[in-house]
Amino acid sequence: MTSHAYNFGFLDEYAKKEVRRAILKAIAIPGYQVPYASREMPMGRGFGTGGLQLTLALIGPDEIVKVIDQGSDDSVNAVNLRQFIEMTCPGVSTTTCTAECTLLQTRHRIPELPLTAEQIIVLQVPYPDPLVVVESSENKRKTMHGEADYSRLLVKLYEDIVKYDEITISHRYPTRINGHYVIDPSPIPRWDVAKLNNSAALLLFGAGREKKIYAVPPHTRAEPLVFSDVPFRVEDFRDEAGQRRVCARCGCANSFLDEFVGDAGNKTYQCSDSDWCDEQLQRAEQVQGVAA
Amino acid sequence: MNKILEVRNLGKIYGPGCPQCIDSTGPEADTNLCPHCDSLVAMHGVSFDLFEGEILGIMGESGSGKSTVVNTLYSEQAPSAGEAIFYDPVSAAEGGKSGKQHELFALNAAQQRWLRNHRFGMVYQNPQRGLNFNITAGGNIAERLLMSDLMDYGAIRERAKSLLARTEVLLSRVDDLPKNFSGGMQQRVQIAKALATRPPLLFLDEVTTGLDLSVQARILDLILEIQQELKTSMIVVTHDLGVIRLLTGRAIVMKYGRVIEAGLTDQILEDPQHAYTQRLVASAL
Amino acid sequence: MAKPVLQVDGYGKYFQLHEQNKLIPSSHNVSFSVHAGELTALVGPTGAGKSSVLKGIYRSYLPTGGRILYRDAQGHELDICLASDHQILELRRREIGFVTQFLHCLPRQSTLDVVAHPLFMNGVAREEARQRAAELLAEMNLPERLWSVSPATFSGGERQRVNLARGFIARPRLLLLDEPTASLDPETAECVIRLIERLKTEGTAMLAIFHHPETTRRLADRVIVLTPPPAVEELLKEML
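Chains as they are written, first to last, in our numbering: chain A, 1 to 292; chain B, 1 to 285; chain C, 1 to 240.
So here's chain A without its partners, still in its complex pose (with noise of 0.2 Å):
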């Protein structure tokens, strides 16, 4: 198989087009579930074939373009969707620094370093509509994202509140959108949710599954569902004596860390966005070499 045997970006031209269309009505619809016919990919659904056709209808020869899965570049996921997009877009770039990226697409992480105006990133997303939970009817859920009708959902977090004293959703968090319709931002980790709100970057979710888009558009309110009295937490990375976990690698102490098990049974902590620690420690060492 040579890649010129398909079409720049493996779809063909009328269903960029369409993902396009669907793309502009879920920016003009902030948080709204557009629907869209997501194509067949020469791989499984589930793995980020949604986050794929958006990524491939938004493609252009200039891009240049980051994949990560879970903060990271070098992941079995990421590297495939990465090659693929080599293989079918002759003449895009690829990249795993950040801040160089125009295109980003991502399973289950934002990356630390806030994104700008210039870049788009593109979420992968098994599950679009945080109703699922509290209603099988998908008719149902419908009227219920048209009238802003979520109390079945707080009432998901307040027996929560009962149960557990706090609210343990770990990551899909709900969060309203400018407002009115409430997402499921694709499985991020609560620590990401705050970027979501006006964030200068536009955010574009995929399911190909679930043949949905939705987006959250740049300076967008983005308010995770909470109580008046019961503030929206993130994940919080103190140790047992209250002291913040540095990232084991960089020192980082302001990032999303990610927990390793030792042999021993010891744990240590380490950056979860790969690109972010490499920069810190490059400027630590940078540092470091002024200093000697």
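No lab work stands behind these hints: they were computed from the structure. Keep in mind that this is a model prediction, so the values were computed, not measured. Cβ coordinates follow ideal geometry from the N, Cα and C atoms, glycine included. Honestly, I wouldn't trust all of these hints.
[As the list claims (entries may be wrong)] Covered stretches of chain C, going by a simulated chain B footprint (3 or more residues, C-beta under 8 Å):
#1 16 to 24
#2 60 to 66
#3 83 to 94
[Claimed, not checked] Straight line, CA to CA, 27 Å or less: simulated DSS-like cross-link-like pairs of lysine-lysine:
#4 B/K231 <-> A/K156
#5 A/K156 <-> A/K140
#6 B/K161 <-> A/K163
#7 A/K25 <-> A/K156
#8 A/K156 <-> B/K179
#9 B/K179 <-> A/K163
#10 B/K3 <-> A/K140
#11 B/K3 <-> B/K231
#12 C/K3 <-> C/K237
#13 A/K267 <-> A/K156
[What the hints assert, rightly or not] From chain C, some residues computed to sit far from chain B (all C-beta separations above 10 Å):
#14 L136
#15 H211
#16 R217
#17 P228
Using the hints, position chains B and C against chain A.
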């Protein structure tokens, strides 16, 4: 006394309907099924007024259309004919002069939902319809409060507890699932939920049917006490003359979708006019 | 002389029993009037329709003939036979009281609240209403220890005193009394009689049926003698 609800010529036909439907059904025809087109005339030409602080009874056996009346007023289904005007006493109290009027069947779904959440309450015969059995008793009440835009966890929790206390549900059970409650207790939770937003209008659909007599009596007491405390206007749907006698000041009697008699409750029970009502009252004695 | 509070003019009540295809007369062509500060007593044998008249005026029965003109506090005249249900409810709430031999009340309500209830309904503050209920119950010799419990468990005489107190408390302009002293011991009956006398001096118009002729003699300013209505056949002949 101020009017809170005005219902005129309410009708509901299930099926295609035909020009002969109305003439071919009703108490005289002794059926609610149209013989020409097989449509079900669930109710036709139902009119009544409800005043603030009043309890109106709708009496009849199953198939009389009595539940259809409250279901359409509570916007659970749309009527085929008629109109209903709700005179909002809360907006009247807040706004000073004349209160807001709502033509119930001309409202869109969101407006109807707003009224359901803020101004109306419904208690069903089957608690599974009024309660979510998979969330706690407190959560059920919280849901209704959240629907009416109360967003303070502490306040919601306090209000849920005080409502359950008022309806005599043990506070130790506030975080239990209603599916583990007795039938009477489930009804109490349902009443607490319906009352959560202090609605000026409450619909009660056969709320004591199927409960033990002693449990029934206590629920009816509770409803009357609440009515006296909050001056809630209520429409009570029942086939039970005892419930009508105890709760209501006025009543309408329905048969095959039509109102065959309306009047003061004591008059209907002591001096029923229609043959059907006479039979009903005589058989209850 | 001042216009009567109530003027009954040719009142008739016939029950039409559809099942048995029967017409049963209970009152026929009854006329009388009731004045403020006076007690009109209805007398007559069983079956004369004494209770039927009271129930027709209270509209527990739908009158089938005649007029029942009631003059309200503002001087407006209303035919009770033609009044709407809500007009009747309003009259019952503000002006017309009915004391029967039966007490209907919430099983768990305190006696004090049962008696004060008509005042609650008229917007009197809870504490003031209870205060007035307490005064009335004291006057009627109901032991204070019973005030906080429900009348559901009371003896017949105790219940009847609660019933009367509730009927009297809102000072209706027209009070209908159906054998109010029937189940009372002589001492309590005397209390009730004195209370009725006081209501008269305060201007209440009363229409009453008494069990004992002696009570009628003592309290009645006018006595209306009722006879059982003629049989249906007679009535039909009369009509033809």
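Going down the list of hints, with the structure as the test:
1. 16 to 24: holds (count 4)
2. 60 to 66: holds (count 3)
3. 83 to 94: With 5 residues close enough to chain B, the hint holds.
4. B/K231 <-> A/K156: 33 Å, violated
5. A/K156 <-> A/K140: 18 Å, holds
6. B/K161 <-> A/K163: 16 Å, holds
7. A/K25 <-> A/K156: Not satisfied, since the Cα-Cα distance of roughly 30 Å exceeds 27 Å.
8. A/K156 <-> B/K179: With a Cα-Cα distance of about 17 Å, the restraint between A/K156 and B/K179 holds, given a limit of 27 Å.
9. B/K179 <-> A/K163: Distance ~18 Å between B/K179 and A/K163 Cα, so the pair holds.
10. B/K3 <-> A/K140: Roughly 34 Å between the alpha carbons, so the hint for B/K3 and A/K140 is violated.
11. B/K3 <-> B/K231: 13 Å, holds
12. C/K3 <-> C/K237: Roughly 35 Å separates the two Cα atoms, so the pair is violated.
13. A/K267 <-> A/K156: 32 Å, violated
14. L136: Given a closest Cβ separation of 20 Å, the condition holds.
15. H211: Since the minimum Cβ distance to chain B is about 21 Å, C/H211 lies beyond 10 Å and the statement holds.
16. R217: Given a closest Cβ separation of 31 Å, the condition holds.
17. P228: The claim stands: C/P228 keeps its Cβ more than 10 Å from every Cβ of chain B (closest is about 19 Å).
When each numbered hint is compared with the structure, violations occur for hints 4, 7, 10, 12 and 13.
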